[in-house]
Amino acid sequence: GAVVSQHPSRVICKSGTSVKIECRSLDFQATTMFWYRQFPKQSLMLMATSNEGSKATYEQGVEKDKFLINHASLTLSTLTVTSAHPEDSSFYICSARDAEGVGYEQYFGPGTRLTVT
Amino acid sequence: AQSVTQLGSHVSVSEGALVLLRCNYSSSVPPYLFWYVQYPNQGLQLLLKYTSAATLVKGINGFEAEFKKSETSFHLTKPSAHMSDAAEYFCAVSESSGNTPLVFGKGTRLSVIA
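Just so you know, the protein sequences line up as chains A and B, in that order.
Per the numbering used here, the very first residue in the first sequence carries number 1; after that it's consecutive.
Per the numbering used here, the very first residue in the second sequence carries number 118; after that it's consecutive.
I should point out that these hints are in silico values taken from the structure, not numbers from a laboratory.
Be a bit skeptical, because a hint or two may be false.
Calculated lysine-lysine pairs in the DSS-like style (CA-CA distance at most 27 Å, straight line) [as the list claims (entries may be wrong)]:
{"#": "1", "chain 1": "A", "residue 1": "K20", "chain 2": "A", "residue 2": "K66"}
{"#": "2", "chain 1": "A", "residue 1": "K66", "chain 2": "A", "residue 2": "K14"}
{"#": "3", "chain 1": "A", "residue 1": "K66", "chain 2": "A", "residue 2": "K41"}
{"#": "4", "chain 1": "A", "residue 1": "K66", "chain 2": "B", "residue 2": "K223"}
{"#": "5", "chain 1": "A", "residue 1": "K41", "chain 2": "A", "residue 2": "K64"}
{"#": "6", "chain 1": "A", "residue 1": "K64", "chain 2": "A", "residue 2": "K14"}
{"#": "7", "chain 1": "A", "residue 1": "K41", "chain 2": "A", "residue 2": "K14"}
{"#": "8", "chain 1": "B", "residue 1": "K223", "chain 2": "A", "residue 2": "K64"}
{"#": "9", "chain 1": "B", "residue 1": "K223", "chain 2": "A", "residue 2": "K14"}
Here the structure is a predicted model, which is why all the values come from computation and not from measurement.
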């Protein structure tokens, strides 16, 4: 089946530094990838939609200069949290859509736990 | 705009009992509907999906859901709960007409009591 990987699975960084999270579709091409943020015991909040070769579309309230998204290839999207602060600590999950699949199904990565100290 | 309402943030059942997790959706266009399960500190795993074919959809791990347009519902059921079913369950909707993001419900935490 379709597999999406994320790296790293956990990261701890100091306040003010930047962190890059990678999302890869391993066995299919994903023209569209999505980035979500999940706070403890809450649902997934869509941050942005990333289309290969074009600028990401950010949801209202998400700072595009803080959360930099790059989708340089059909199998890789990256999320960079710039100048991280403790309030950025969260669980970040990416998903990739198999455009050839029925129902535009999304396949989710295992998530990245970011802790900013 | 689309939305999903999951009734009950926490459902507790005994092992072997029926599992029923409720999901109602709102969509101005024909929807695609999904149920995902999330175990602690993990991503989401697709349980099943409705994509305008059969209204009764069977998924993995013995789960199934029925699309009822008249009730705008897509409730998830399993005849007999197992301890391993304890997890967070999310219902989600997307438009069938285009490449739109999933909209998730707030989730329902299922506890299974021995």
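The hints, checked one at a time:
A distance of roughly 12 Å separates the Cα atoms of K20 of chain A and K66 of chain A; the hinted pair therefore holds under the 27 Å criterion. With a CA separation close to 15 Å, the supplied pair K66 of chain A and K14 of chain A stays within the 27 Å bound. The straight-line distance between the Cα atoms of K66 of chain A and K41 of chain A is roughly 24 Å, inside the 27 Å bound, and the hint therefore holds. A threshold of 27 Å between alpha carbons decides the hint, and for K66 of chain A with K223 of chain B the separation of about 26 Å falls inside it, so the pair holds.
Under the criterion of a C-alpha separation no larger than 27 Å, the hint pairing K41 of chain A with K64 of chain A is consistent with the structure, at around 25 Å. Restraint check for K64 of chain A and K14 of chain A: the C-alpha separation of about 21 Å stays at or below 27 Å, so the hint holds. At roughly 24 Å between alpha-carbon atoms, K41 of chain A and K14 of chain A fall within 27 Å of each other, so this suggested pair holds. Straight-line distance between C-alpha atoms of K223 of chain B and K64 of chain A comes to about 25 Å, which keeps the hinted pair within the 27 Å bound.
Our distance criterion of 27 Å between C-alpha atoms is broken by K223 of chain B and K14 of chain A, whose separation comes to about 31 Å.
When each numbered hint is compared with the structure, a violation occurs for hint 9 only.
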